[in-house]
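Participant: Read off the chains here:
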Amino acid sequence: MHPALSVIVFTTATGAGYGLLIWSGLLSAFSATPAERVVALVTLATALLLVTLGLMSSTLHLGRPERAWRAVSQWRTSWLSREGLAAIATYVPATLLGLAWIVSPEPGLAAVLLGVVTACCAVVTIYCTAMIYASLKTVHQWRNQYVVPNYFALGLYCGALLFAALLHLLGHGEPLVDGVAAVAGLVALGGKLAYWRFIATTRHESTPESATGLGGIGKVRLFEAPHTEENYLMREMGFTIARKHADKIRKLILLALFGAPIVLMLISLLLGGLPAGVAAVLAVLSAGAGVMAERWLFFAEAKHTVMLYYGARTA
Amino acid sequence: MTCLPEAVPGQKKLGLVIDLDTCVGCHACAVNCKEWNASGHSGPLTDYQNTSDGVWFNRVHTFEAGEGETSRTVNFPRSCLHCEEPACVTVCPTGASYKRAEDGIVLVNADTCIGCKLCSWACPYGAREFDEDDGVMKKCTLCVDKIYNDNLPEADRVPACVATCPSHARHFGDLGDPNSDVSILVAERGGYELMPELGYKPVNRYLPPRPRKNGAPAPLAAASSSCGSDEAISLLDLAMKKPDGKGSAFLRWADRVLSR
Numbered sequence: 021m022h023p024a025l026s027v028i029v030f031t032t033a034t035g036a037g038y039g040l041l042i043w044s045g046l047l048s049a050f051s052a053t054p055a056e057r058v059v060a061l062v063t064l065a066t067a068l069l070l071v072t073l074g075l076m077s078s079t080l081h082l083g084r085p086e087r088a089w090r091a092v093s094q095w096r097t098s099w100l101s102r103e104g105l106a107a108i109a110t111y112v113p114a115t116l117l118g119l120a121w122i123v124s125p126e127p128g129l130a131a132v133l134l135g136v137v138t139a140c141c142a143v144v145t146i147y148c149t150a151m152i153y154a155s156l157k158t159v160h161q162w163r164n165q166y167v168v169p170n171y172f173a174l175g176l177y178c179g180a181l182l183f184a185a186l187l188h189l190l191g192h193g194e195p196l197v198d199g200v201a202a203v204a205g206l207v208a209l210g211g212k213l214a215y216w217r218f219i220a221t222t223r224h225e226s227t228p229e230s231a232t233g234l235g236g237i238g239k240v241r242l243f244e245a246p247h248t249e250e251n252y253l254m255r256e257m258g259f260t261i262a263r264k265h266a267d268k269i270r271k272l273i274l275l276a277l278f279g280a281p282i283v284l285m286l287i288s289l290l291l292g293g294l295p296a297g298v299a300a301v302l303a304v305l306s307a308g309a310g311v312m313a314e315r316w317l318f319f320a321e322a323k324h325t326v327m328l329y330y331g332a333r334t335a
Numbered sequence: 312m313t314c315l316p317e318a319v320p321g322q323k324k325l326g327l328v329i330d331l332d333t334c335v336g337c338h339a340c341a342v343n344c345k346e347w348n349a350s351g352h353s354g355p356l357t358d359y360q361n362t363s364d365g366v367w368f369n370r371v372h373t374f375e376a377g378e379g380e381t382s383r384t385v386n387f388p389r390s391c392l393h394c395e396e397p398a399c400v401t402v403c404p405t406g407a408s409y410k411r412a413e414d415g416i417v418l419v420n421a422d423t424c425i426g427c428k429l430c431s432w433a434c435p436y437g438a439r440e441f442d443e444d445d446g447v448m449k450k451c452t453l454c455v456d457k458i459y460n461d462n463l464p465e466a467d468r469v470p471a472c473v474a475t476c477p478s479h480a481r482h483f484g485d486l487g488d489p490n491s492d493v494s495i496l497v498a499e500r501g502g503y504e505l506m507p508e509l510g511y512k513p514v515n516r517y518l519p520p521r522p523r524k525n526g527a528p529a530p531l532a533a534a535s536s537s538c539g540s541d542e543a544i545s546l547l548d549l550a551m552k553k554p555d556g557k558g559s560a561f562l563r564w565a566d567r568v569l570s571r
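From first to last, the protein sequence lines stand for chains A and D.
Under the working numbering, think of the first position of the first sequence as 21, with each following residue one higher.
Under the working numbering, think of the first position of the second sequence as 312, with each following residue one higher.
Keep in mind that the hints were calculated from the coordinates and are not lab data.
These numbers were taken from a predicted model, which means no experiment stands behind them.
Think of the CB as a built atom: it goes at the ideal place given N, C-alpha and C, for glycine as much as any other residue.
Each hint should be verified, as a subset may be incorrect.
[To be verified] Listed next, the stretches of chain A that the computed footprint assigns to chain D, with coverage defined by at least 3 CB atoms under 8 Å from CB atoms of chain D:
#1 42-51
#2 88-100
#3 155-167
#4 253-260
Construct the complete structure from the given sequences, taking the supplied hints into account.
Facilitator: Shown next as structure tokens:
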């Protein structure tokens, strides 16, 4: 599948944004003390900024962005529509939570309720985003049991890195949060490795034989393509990446998204003070580049069944 | 509305039956489809600016199946199958993509489509192509603006691809009616669905190439040995009697055609 920059930015920015929103909501829910007021507001604002940037980026993918408002109408069947609705709905408790913190340094029960609701809304939105991909039977590398956990793990991990860095920047560095971020990174790494093993060892059940129905005669291969130029289908669905390039990008992902940030978090955890802040910021920057590469590969390695009509042996 | 219409018994299911045995791969269906639809319901269709990579609703592939002398070369027209349970419809976030309750035709409302392309990702058959100029998705309409057109003589109210096919490889009708001509044809010829494993229940059916009666080594030997039997002497038998003769290739071909 074609890795469109707008969709990569959309899924990574909203993933990190909702991940941060979950941590921020939990902070408000379980530690609504005046000392946390600035942290709660800054993390909330950063999360909503990232989410908003991501959602705006998603409209760049549209052929008719001015009609984007129509996309929330079909929530009964469409995961994309549900994602849009959940994304908009999440602004409500998140904004109210922000207002509660602005109005009162000790919002008490309001922060508890709104924090929990905000976190839940963010969870639902991440789930809907993942299901846009995980519901497509046409793409074996997307429709499997690893995609939803991966979206959650990466969202929570990126959110935790941001949360830790913001805490350090605000002078509230918390070793527990650094530790949580490192553990989240290890969990996300495990999920990604399991996903890679899954897509390396399994194939879509459909074949050129089932796609054409000619399998009864024998093995089916494309003799002549229907057209000489690349068409939309080949550009959008026929994106392929050479194995050696994919391997290089995987190494980059292992280093930038997982290795470096996890080590930096451990450094931050052990050192404290200014070095910890620097390490936490570096971890965010590294993971940001890494997660973009991860999402690019998530698209580039995805194979669509339509290519079985264009000479692909497997999907 | 992207909820699918409720399935009712005896539901009308308009669709195509494509005969892979007689399709000659001339691309006339694709060309006439483009011709009609460039000015119809979904027109204009983007085409031919710097490269000829525009939107077509119909694409004719050619496949080889099998090995050696038993292999076949099969021309394979590919277009929307107007599935009974189309994922392209249910994934649509706007309701622009819909399946008509009255005849099962799957259409896109170009006025409400946002061009998110998700329907083209959801369709396993590549039936949908994005129109870069209009910024919306386009697809086969089963010539909805032709098959119900009262201004046309009744005989012409069939999809453009069906009307133009010179080898009569495309048939149009109601596949929901077991007694319709197309349903009978499907039953007689063993018409099948593409990628049935995905469960989208395509309405269109493909008729498999007929098994080769003559020409393959084994049947040939059988045919030549039956020369002296009570069976009628075929042209092929004559050809086999003078295998190097000038007319044998012609006789072989004539035998194949006449014994269809």
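Participant: List in ascending order the numbers of the hints, as given earlier, that are violated by the structure.
Facilitator: 1
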